[in-house]
Amino acid sequence: MTLGVVMLVHTGFGRAAQMARHWAEAGCPVIIHVDSNVAATQYDPFAQSLSEFPDIRFSTRHRCEWGTWGMVAATQDAATMMLEEFPDVQHVYLASGACLPLRPIEELRDYLALRSDTDFIESATTADVPWTIGGLERERFTLRFPFAWKKQRWLFDRFVQLQQILGLRRKIPENLVPHMGSQWWCLTRQTLDAILQDPNRAVYDRYFAGVWIPDESYYQSLVRLHARKIESRSLTLAKFDYQGKPHIFFDDHLELLQRSRCFVARKIWHDADVLYRSFPVAKDPERATEEPRSGRVDRVFSQAVKRRTRGRQGLYMQSRFPSSDRENAVGATPYAVLQGFDDVFPDFRSWLTRQTSAEVHGHLFAKDRAHFVDESTVYRGGLSDSARLRDYNGKMFLTNLIWNARDKHQCFQFGPADSQDIRWTLAKDTQASIWVVTGAWAIPLFASDRSASDVRAEAARLQRIEHKFLKSLRSPEARARIKIKTLAEFIEAPMETLQTIIDDIAGHRGTALTEVPQMADLTGLPDFLQDLKNQGMHPFLTGDITENAAAQTRTVPRRKPYVISQK
Amino acid sequence: MPDASGTVRHGLWHAYRLRWKRRRFLFRIWRKRRQIRAVADRTGQITEASILAFVTVRNEIVRLPYFIEYYRGLGIDHFLFVDNGSDDGTAEFLRAQSDVSVWTTQHSYKLARFGMDWVGWLQWRYGNGHWCLTVDADELLVYPDCEARDLKKLTAWLDEKRTCSFGAMMIDMYPKGPLKDVDYLPGDDPLKVLSWFDADNYRDQIHHYYGNLWIQGGVRERMFFAKDPARAPTLNKTPLVKWHWRYAYVSSTHQILPARLHDVFDFTANSRVSGALLHTKFLPLIVEKTVEEMSRQQHFENAPLYADYHQRLTENPTLWHEEACHYDNPSKLVALGLMSKGGWV
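Chains as they are written, first to last, in numbering that gives the first Met the number 0: chain A, 0 to 566; chain B, 0 to 344.
Because the hints were derived from the structure by calculation, they are not lab data. Don't take each hint at face value.
Just a few of them, taken from the derived set where beta-carbon distance is under 7 Å, the chain A residues facing chain B [stated by the list, open to error]:
id: 1; residue: 146
id: 2; residue: 148
id: 3; residue: 152
id: 4; residue: 249
id: 5; residue: 301
id: 6; residue: 303
id: 7; residue: 314
id: 8; residue: 316
id: 9; residue: 391
id: 10; residue: 464
Far from chain A, some chain B residues (derived; all Cβ distances over 12 Å) [unchecked claim]:
id: 11; residue: 11
id: 12; residue: 46
id: 13; residue: 109
id: 14; residue: 214
Virtual Cβ for every residue (Gly too), placed ideally from N, Cα, C.
With the sequences and hints as input, model every part of the structure.
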């Protein structure tokens, strides 16, 4: 049995000639179609260079503009010629000038000989497979496309819209179920003959001439009417990007292509000398019957599509700058914002570090400078601690910080004394967990031993700022995980909240707390707060702290579980 | 899209104004065309598929040997240099290269929009239809997989994707230790001594007027511009463009008109392929050169504002710090998120 090759060429004639010779030398007749747009100065030397091969012939030339009927007409003529002039041909392989056989052609022939009834053509119904780019799935079969997509894009789009609005539809010929798939097929003589000799061919041709990208649907649909056995896959390895354009294989894809064990691959970069030298690989009797497996290639390329369509979460860079209203997650990884805890527990940061091994920063947004985990002036990635640089674009500071240490869970302290411009970014970020003990700012004021009248203005300011922050956190737009407790609620049962924080940060590794941080001595705080009230400044965010609860904190050091081990 | 500098302008009226702006630039380029004079015209070598490089230089004899060699290896077919009054042998060196055409001028670099008017004229004359790389002598272009794939492949791939421009971010490279304390000989790979950079302290925002992504940050901002971040050097560039005679760069290669050409990023959370320009400014000679530049005052719009920066450069500073990142290869920049592979597999 013989394999015939129909080759479509419109550019890269040097390589195309090389490939045609290659197929012919392996004993395959080749019918070449050259785009009629190609000038005689290119066509003639190309045809001349192949004249020594009697089994390489040229078919009637058509104009092949992408997405139009010309491509199908070209293959029809070439395939008819193939069937008429080479009666031995049992399978016809549609290839292009940029297709490169990866395995010996003999192996492909043997493979096809064992499957003499099988048509290899990717063919899927549009109803079931949402493959296509640009939203024209079913509609490419029901609308009309008089304008060229590439050159008259605006008219193309408008005309599609117009038809959609008016509800215009073409009738699909009877019996025909639209299918689509890769344009690179390998059909048996019987099937191809049946398609080309179909009594209704004129009807089908007329219909498909008006379909958009008919070369991906003409044979794919008609084969369903005639084939005995369809293997819905292409023997040609071709990968497409998210826009439906073919990926190009370069020299450094050598290993990937070797491992694929596919018979033919496209598109090959015309200067990929290494690939053209290395393929087809030498005959290897042990591997001659192997099936193609494109799994690894699929993975590499689908990663690219994913990267191209999703990008790397939390990365803001020159070629990725998602607009804020489209993205819910700002940071690259989850992080925690802790407000008020370091006021309640002076030793909170080192305690949290010991418990979770997270990266526990100080007040990153403090007015004086960014207090990184180790109080360094430059953090990972060269992030400066300068408050001015940070505040110039706080969101970028935050995203850079999270991105730079994305291998760790980061936490930072926040408070009403800090720069507040970042608050909406924090509140809206789904990656953020925000824990607030409201009114905790009262503790340092109380501990400062200044009288209530001295600190009154400061307390009022902090309360106002915190209230504003809480308003952002409680707005419907807030998407972070947010837990708010008043100081009073918190000191009643601090363990509960701390355990939740630890679990949240450490994930499944979180264990029951063995060690609790030392709470500040709050004895006398209720009186202090009452004093503030008497001055006319109601600290409503602290909640109602009883003397009892406050006094508890004093006894803490003497109670066993509250002792900090100093080892 | 809100950002630090206010609202981004768009709409038909703005587009129309940008169009006139571009025409004014082209007129200006045409008006200044006689400021440069050809001293070695080998442009006859340029063929249809040639990739061209456009460079303005002044006293770059130390960097040029490696520069030319590097870009030849990357697939540049012809170099078009404008020599702005060098006196260190740069002109002689360039004339001796077989694939270089040289123009010379003694006019003001600053008044020629930092050389963009001169280069603009050459692009107008020779660039049409070619992929044109516009870089400075201290910029080395890298992009994902560039060791294995030269510019011919990249540009063919971009052609295939119907993309006519390619973005690259400048990354300032610096040595470990004080700037002057390293040895560099002309012809050496500058990245052997300048092998460190800041991995990610870059700020992105949309430029309110031109709509390009405006990147600032890096070591120069960290060290010298912390007091005035708005003045920190701009790092985004669009150095590689399939040229059309109607195009014009605005300010260095940071912006280009028509503005669609510098849309090299995505709003929709995707990522496109992009590269990086490794900036070899901080070779040991920077210290002397800065002294000279300070007296020439040719470099920035508002030279006195940069006085402090230049003053500190002359003091042989150390830019290196504990968190500095060592440059190994382009893949490292991809992993760090400084450039992206996009669909370039």
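If you take the shortest Cβ to Cβ gap from residue 464/A to chain B, is it below 7 Å? violated, 22 Å
Verify that the Cβ of residue 46/B lies farther than 12 Å from every Cβ atom of chain A, and report whether the claim holds or is violated. holds, 15 Å
Hint validity - residue 391/A Cβ closer than 7 Å to any chain B Cβ: Holds, about 4 Å.
Under 7 Å, Cβ to Cβ, is where residue 303/A needs to be relative to chain B, so tell me if that hint holds or is violated. Residue 303/A check passes; min Cβ-Cβ to chain B is 4 Å, inside 7 Å.
Should the label of residue 214/B as a non-interface residue stand, given a Cβ cut-off of 12 Å to chain A? Label violated. Min Cβ-Cβ 6 Å, cutoff 12 Å.
Answer holds if the nearest beta-carbon of chain B is closer than 7 Å to that of residue 148/A; otherwise answer violated. This hint is violated: residue 148/A lies away from chain B, its Cβ roughly 12 Å from the closest one there, beyond 7 Å.
Does residue 314/A pass the interface hint, meaning its C-beta sits closer than 7 Å to a C-beta of chain B? With a minimum Cβ separation of about 4 Å from chain B (threshold 7 Å), the hint on residue 314/A holds.
How about residue 249/A: closest beta carbon in chain B under 7 Å, or not? With a minimum Cβ separation of about 6 Å from chain B (threshold 7 Å), the hint on residue 249/A holds.
Would the hint on residue 152/A stand, with a C-beta cut-off of 7 Å toward chain B? violated, 11 Å
When the nearest CB of chain B is found for residue 301/A, is that gap smaller than 7 Å? violated, 10 Å
Grab the minimum beta-carbon distance between residue 11/B and chain A and tell me whether it stays above 12 Å. Its Cβ never comes within 12 Å of chain A, the nearest being 16 Å, so this holds.
Least C-beta distance between residue 109/B and chain A, which was stated to exceed 12 Å: holds, 27 Å
Checked against the numbered hints above, the structure violates hints 1, 2, 3, 5, 10, 14; every other hint is satisfied.
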